[in-house]
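So the sequences go chain by chain: A, B, C and D. Going by numbering that gives the first Met the number 0, the first residue of the first sequence is number 0, and it counts up by one from there. Going by numbering that gives the first Met the number 0, the first residue of the second sequence is number 0, and it counts up by one from there. Going by numbering that gives the first Met the number 0, the first residue of the third sequence is number 0, and it counts up by one from there. Going by numbering that gives the first Met the number 0, the first residue of the fourth sequence is number 0, and it counts up by one from there.
These aren't lab readings, by the way, just hints derived from the structure by calculation. Take every hint as true, because none was put in to throw you off.
For identical chains, the list gives no copy identity; a pair is met inside one copy or between any two copies.
Keeping only pairs whose Cα atoms sit at most 27 Å apart, straight-line, the calculated DSSO-like set for lysine-lysine is:
#, residue 1, residue 2
1, Lys308, Lys121
2, Lys121, Lys154
3, Lys121, Lys151
4, Lys202, Lys73
5, Lys5, Lys308
6, Lys5, Lys73
7, Lys308, Lys154
8, Lys202, Lys154
9, Lys308, Lys151
These are the residues of each chain, in order.
4 protein chains.
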Amino acid sequence: MIIAMKAGATAAEIQGVMDRVAALGLRALNMPGGERTAIGIASAIPPEMRESLTEALAALPGVAHVTQVSRAYKLASREFHPADTVVDVRGVRIGGRAVVTMAGPCAIESREQLLAAAQAVKAAGAQVLRGGAFKPRTSPYTFQGLGLEGLKLLKEVGEATGMVTLTEVMDQHDVEVVMAHADLLQIGARNMQNFPLLVAVGKTRHPVVLKRGPSATIDEWLLSAEYLLSHGNNQVILCERGVHPLDRTYTRNTLDLSAVPVVKGLSHLPVVIDPSHAVGTWRYVAAMSRAAVAAGADGLLIEVHPCPKEALCDGPQALEPDSFASLMADLRRVAAAVGRG
Amino acid sequence: MIIAMKAGATAAEIQGVMDRVAALGLRALNMPGGERTAIGIASAIPPEMRESLTEALAALPGVAHVTQVSRAYKLASREFHPADTVVDVRGVRIGGRAVVTMAGPCAIESREQLLAAAQAVKAAGAQVLRGGAFKPRTSPYTFQGLGLEGLKLLKEVGEATGMVTLTEVMDQHDVEVVMAHADLLQIGARNMQNFPLLVAVGKTRHPVVLKRGPSATIDEWLLSAEYLLSHGNNQVILCERGVHPLDRTYTRNTLDLSAVPVVKGLSHLPVVIDPSHAVGTWRYVAAMSRAAVAAGADGLLIEVHPCPKEALCDGPQALEPDSFASLMADLRRVAAAVGRG
Amino acid sequence: MIIAMKAGATAAEIQGVMDRVAALGLRALNMPGGERTAIGIASAIPPEMRESLTEALAALPGVAHVTQVSRAYKLASREFHPADTVVDVRGVRIGGRAVVTMAGPCAIESREQLLAAAQAVKAAGAQVLRGGAFKPRTSPYTFQGLGLEGLKLLKEVGEATGMVTLTEVMDQHDVEVVMAHADLLQIGARNMQNFPLLVAVGKTRHPVVLKRGPSATIDEWLLSAEYLLSHGNNQVILCERGVHPLDRTYTRNTLDLSAVPVVKGLSHLPVVIDPSHAVGTWRYVAAMSRAAVAAGADGLLIEVHPCPKEALCDGPQALEPDSFASLMADLRRVAAAVGRG
Amino acid sequence: MIIAMKAGATAAEIQGVMDRVAALGLRALNMPGGERTAIGIASAIPPEMRESLTEALAALPGVAHVTQVSRAYKLASREFHPADTVVDVRGVRIGGRAVVTMAGPCAIESREQLLAAAQAVKAAGAQVLRGGAFKPRTSPYTFQGLGLEGLKLLKEVGEATGMVTLTEVMDQHDVEVVMAHADLLQIGARNMQNFPLLVAVGKTRHPVVLKRGPSATIDEWLLSAEYLLSHGNNQVILCERGVHPLDRTYTRNTLDLSAVPVVKGLSHLPVVIDPSHAVGTWRYVAAMSRAAVAAGADGLLIEVHPCPKEALCDGPQALEPDSFASLMADLRRVAAAVGRG
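All chains, please: the whole structure from these sequences, using the hints.
Below, the structure is given as structure tokens:
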């Protein structure tokens, strides 16, 4: 940790910081510079002390700012756990050599709709069926999902098709019922910092997809993963789904694909991409899916609807089954080109 | 609602959109342009149909994009409710002529700390005591608040000093217990789109401060207010607390003060400003507080700690009691200059 | 063009807008809605009138906002010119079936450095040699390029290796001298809206790479291309190089790869990607290059330095020759997988 | 300067960095931490070495990232020049106790228009007349200004009314002619990093208003000021005019008012605010002007047009003379409330 003093800091202020650090049993080094003095802490600082120590030091007189050298997360870091984590969900391995495709409708609307979608995406090669029962919607006046009825349909169609299932949980008190109906939980972008929900899912051992919030930094995202891991759940898959865009004329969000190599370097957790929510229109989903696989993503989360024009939710971003099948053929070629299955 | 067709849209595609609109009992107008055709809907569209109709039309063949002319929110709009809403909390009127100051520590740490803070801010002229019992924290390793113990201290100190109290609720299942201990609820920035929480608070009639999310547009923020209003709670106060910044070298967020006149034009709800979280350092709090009052804010939410250096949470952004008292004197002059009390 | 009136607009205000439109010889349609009235213009509006008409109408009493249905650019649009533009630079075709690689050092430092870089990138398969003689630098205290001396070295090394050459022009009065020494001009991100420079380059017929500004929207970028095209230069190649990021902890910018399919849909111009400036560190250049090709980019602009540790400019983002050769092998496989050469 | 090593950095890599620092005659301190080692440079580093040294060290093997403790600018810093700079333009003192108002039309359209605007703003209390002769416009099809003819009108009207004049220079080769016609130069937001222009204006001793670029960080802005100062021109006034917004539904940009206290702390240069370009609509200009003065701005740059509806440029954001006069009365009260004239 580095404490940069203000240019006009007095000797007493500098000594005050040195003393505070020493009082915590840490070794302080004085580094006078041209205009400013910096003070370095030359000792290991436990992760659980880092945030509070940063804040405490930043408030001392004469301090300009404090920079952490080690990261505030630990269990999510590759430094702590060098080997790649592979999340195995009933035989579907996410984070291994093969790229895994998770596909299905934004919202579960009926047995017919979900079954048609599941059969189509399975035939095209998808391994995981996604479908929303609880839908977070910006407006209170839009379709909010079928709830428990939707969960039951998901379980039924998952069993009928032999697919692994994924659905969102929005409320910590729904964690048990969602776990009972789906193989994979999803924590949505708007809930990335819903800490009671993170704690509740962290206390289970159920695999979970953690989406990045629309203005979350990489460190904030990994700290949310740390909530899950620190409560004992290490079955965590990270999902980038687009960050707040410069403008929304053509895309809903900006897909930050560089998050794939960045997070792969910092963390051992698998990273998947949701191109559908990122771009918000089916037109650009195929190009972004190919790019995600080429960038090294471990999987894709793609919206497919048997009849997008009639979808009750996010219809414009869903692919039709034919387009999805054609995309899957493309993706197999790109995956092979980058040494993935 | 305006449907812009793609440049190469066929006559059949244009007719398809016209027919779909007509089938819903709405009047469609064909507007051929230089390169593109637009189709206008010349009928009233109920608010609850707007989002889903936008999505449905956007998915039709030949459609480039769909623009809503009327807003997706209704109860929050000044068009629906032209007069200013004044939220009266035990005699403290927020949204009226006087600017209301809400002050206190980020987190409740002890009876001594909270009482000292309350006495100091009351003496300086603050009417509402703020203090967090449940703290949303980016890292799982930082102080998460005293919970129920903190709520009890807030109630006790509120009664002892005769101040109105404000605290955050993070979990819909805590709404009742928080209501029992505090006069004003706060929904934090990270929970602005926690829809189960919005619904739970919307079902009460308890006054609530709804913070804007760090990358929320004005419309998304007003739609979250619409969740509260549409479930029956019209005691809603909006709070701008900074949006995601260009960089974090000097401030934690960028305070979007233009939100004050923009929201005042669109909505009848009171708007308050939290300069402490916006800038993230006490150094800029006074300047931004003065600016907020000059811009027309109905109130301020300011962090004050009896000893910021020892604070367990967000110490660097808290004012000391002396600085706060001096700021309150400034604010009285600025408020008078703009015709406010 | 659609004029949305405010909710409380009077009949006289609505008529005022209708009259103003009619006075310009355009046909106005009145579209009353639930809360607001919209007025549509059902006539072709010449591109050169669109911006000023939008501004004029937005200023009329009772008007809430004005939306253009057709785009403000014309020559750059695919609607005007449906077929892909291929820019042929001495036999190197940019925008055709093959993906073109442009590589070399950020700044030209010496004959030895440039020649070593050129030989290395040519051997690996690059067709265009890039190298900066005039360097835009954020700080006045950093290396600003060799200027004319650098241009001469570029010409010499280009001829010696038989490579097509690319370099940046920062000043409209340097356009001639840069044209005399390089096959391709580059207008940098910080000059995307340097209008005198755009006009000067637009008056030539020299091929030019136009980089997107760090906070430019797609429409602003295409309008800058329109400056070039409207002055007669249709040898324009667009280059995405990253937009302003959420934070700079790990990458300098956020590469907006969705710009590739978006711009390919809107415009006939070739689109290339500069992953080096986007991410700002060599670690992520390979992943982003593969992704760019998979997304459909027509080319890449990659920094390669024979000895990045000793580079005078942007060393951390340059690849070493060995890494570049290995990347080129990867790119050939990805290009083949997406049907490109 | 602090060099953070990667977690797995070897002893040889750490020694390599230490040796490189020592070879430059600087003192390196080794600071082992829990997961990473940091190396501090405990010597003064001349400003002109900072950027290049940062880049060189960042490229060494085993280095994770490099942080500067002192800033990269020097002449612009308050550390170098503690007292406030006051720019005196023919008796109008910018940066002193009084808040200075600069007002007038976006573009000079005719003698009548400019004279009417000048007389109106002077009568209301403005001291500086602004008006554009060379207009940077996003679209090539919009009015680009009257050029030299406009400059002559500005000089004439300035002399007729006894006002100080301000106008934009877009091309380094126009600096002389603009200086001959106007008292104050303006470098626009889109030219903040037009380095040839900065150098040309830096070589004069003419007062200049330097606008912040739409996605420029505070440090980038101060480094552009450093270009001016390091070439000898210390008559520099900084102008915040809004940064790229979250969305453009209601405002063109987001006014970053916290830039006022931040820059006042970092630099001795005066800071003025342009609320008109920031919000892009006259509706919010008054509120933001009052807020700017309350935040401590040294001046305002406000668009006023005798007849905004007929303006050839940016009409929607211009105030009418009556509204401006009323605003000036408000501003006098707010200025008095914060101890300014």
